[in-house]
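Just so you know, the protein sequences line up as chains X and P, in that order. Just so we're on the same page, the numbering used here is the position in the first sequence counted from 1, plus 171. Just so we're on the same page, the numbering used here is the position in the second sequence counted from 1, plus 171.
Keep in mind the hints are simulated off the structure, nothing from the lab.
One copy or any two copies: either way a pair holds, since identical chains are not told apart in the list.
Okay, derived cross-link-like pairs now, DSS-like style, lysine-lysine, Cα gap no bigger than 27 Å in a straight line:
#1 K284 / K296
#2 K221 / K263
#3 K407 / K363
#4 K221 / K282
#5 K282 / K263
#6 K296 / K173
2 protein chains.
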Amino acid sequence: MKPLLVQKYGGSSVADAECMRRVADRIRSDYENGNDVVVVVSAMGKSTDKLIALAREVHADPNDREYDQLLSTGEQISISILAMALHHLGVKAVSMTGAQAGIRTDASHTKAKITGIDPVRVREKLDQGHVVIVAGFQGMNPASDVATLGRGGSDLTAVAMAAALKADRCQIFTDVDGVYTADPRVVPNARKLDAIAFDEMLELASLGAKVLQSRSVEFAKKYGVPLEVLTSFERKPGTIVKEISDMEDVLVRGVAADKNQAKVTLRGLQDTPGVAARLFQAVAEAGVNVDIIVQNISEEGHTDISFTVPRDDVADVRECIQNLQGIHFRQDLYDDSIAKVTLVGVGMRSHTGIASRMFQVLASRNINIQMISTSEIRVSVVIDQADSDAACKALHAEFELDKDPIQVSAQEPAP
Amino acid sequence: MKPLLVQKYGGSSVADAECMRRVADRIRSDYENGNDVVVVVSAMGKSTDKLIALAREVHADPNDREYDQLLSTGEQISISILAMALHHLGVKAVSMTGAQAGIRTDASHTKAKITGIDPVRVREKLDQGHVVIVAGFQGMNPASDVATLGRGGSDLTAVAMAAALKADRCQIFTDVDGVYTADPRVVPNARKLDAIAFDEMLELASLGAKVLQSRSVEFAKKYGVPLEVLTSFERKPGTIVKEISDMEDVLVRGVAADKNQAKVTLRGLQDTPGVAARLFQAVAEAGVNVDIIVQNISEEGHTDISFTVPRDDVADVRECIQNLQGIHFRQDLYDDSIAKVTLVGVGMRSHTGIASRMFQVLASRNINIQMISTSEIRVSVVIDQADSDAACKALHAEFELDKDPIQVSAQEPAP
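In isolation and in its complexed conformation, chain X is listed as follows (with noise of 0.2 Å):
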């Protein structure tokens, strides 16, 4: 059996033909190496964009599976187009939508789930030695019509198309080459990973780090895809997403600041059972997420409670929390110049004191910090924006995260 490659393409990976012709020539080469590929495209470039500002000049809220039947036609653009490309290359290649790929959904138009893949046609296909290319973003619902998976939508398509199929490695082509120990835009020796844990991701992928969405990385996980995150500007290799097992256990792998946070503070605030209940359901019904949660001790019956939500969300906060109807406060405040930094690292399961030397790296920089919160494998710090790049350099050189360490075991599957 060959290695079957499963290869995920973004839109700017796709913008136009020239575009098309790199990709093109980047899966013939490992096509050419002996490996069986299928190819998940999204739509090319802004067209997705284009689609959506021509339904908005015939109705102002378009009805949901009119959506998916539009949208649905970018990928599938894109996938005549690459097949095109491939041919042109003298490359075997057969597209394929994501109804005739086998992708079954949900009645959930718009943000479908995947309900089940049936590959057979794709496995077909790849039988006679055909590259076979996938719409992303789509599948077929019990109705017999289109559904779209949502934001992340092709990433997704990707991942679960490698699980079905028992592929050995899914590679998701982004604009970036891979995920760092810390953003090489704030700490300059930051170093690529080779291989990073799929929980210690999926702690990224919250963080808003942009590189995976949280629902590909979970799905990977469950099914044990291994995942590649890599550039399709240049060839060299990326970050290899993967099961612990798989991985020497690192102390901190590395450290992320996430600056479109905002914290919500009600002061004076009645602590009697079942406030925090009402608030923070109030909160998630007007569709806002709640990060960090922090409540202090409470004195003659009152407490503050502060948590985060992203930024863009604090005007709804604001509404919810005024119109807010029983509970009383004294004082709401919120602030918008904070970060959040965190250490992720799966080697904190079995080591002790990462937490209190983070704290001793930001009080030795002056570093205030406003809010903690713990997970297994992270630690976050909620501290003042203006102190975020500090941070984040003093955690890189404490955790000595420019040296590589051993990091891919023996059971690394050959790319």
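With chain X's structure known, arrange chain P on it following the hints.
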């Protein structure tokens, strides 16, 4: 049962959002007047041309299956946008691709034939009070792939859908407002026909009249689907195309000129059995449609043969003739300054003398007839192109085509 209209709107009728809104408004009015409405749409404006240009950027001669996969997106965009435009007007509407509408085709990509229609979803949605919008020009082939129907495919979709649904009328909206007794640019008092017979329309279509393609008219005739050709830019009745049995037998329905033909003459051709067969087989193998053929009386083992072909094919025919093996002739001549002028009328079946009246009229104008061809309901002559307009005017006057005959019989179905 409500009357059922199938309406087809071409690319120029749905060129942009503004056009979509106008078409939606027209549909709404027919829907609100108590009709069930199925709408077939083409791709918006020049969008198909843009897709073809994109394909050519990556491959000079794209694979047929991928070409269909690509081109079918144009109609898929149209149907969803039109559905949204109807929703905006408060009309229940649902879009369907060819496959969703149950249109099955054979395996010939880019020029597929409709093999059957199973309009169960269309009927179900009509019964629920929806306007159903079907993508023209496409269907699903036995491999579950999209296949396109070739030129005039959207008209064919509409006619076939009307036949399958036993629609009361199939309305083809174009940029002309009907079929005329002659080209109004040539004959100023040409009259728009209220009705024309299928057979007459077929003769006109083969003359290159671009209103309706032969394929759609043949299909409509076969299944007895009353057609109407009308404009989407104004609200007024067009021309009905229907069975002869429903019509008064008028002697001459109209006069048409085709200036896109050329005449090929072989002089001094050896007159032995099988020569003509070999000549026209060679021309057919070059993919050229021969129209009129005239052969003179043989003299001393030699003859002259003239035939007409589309002017664009003259170079191909010349090459073909010059490569003929084993056929001898003295001279080959090519004349592209001809016109074919045709009188059409089902009444010719039962009346004689039309041809001779035609020849007399032309003779009285000193117009020389180069070739003659007749069918049951048609007389065509090939003349000098410079005489074409004068011939049309003279014939239009001679047969009093500007005057309104009784056209519509008692069997006319209510619109």
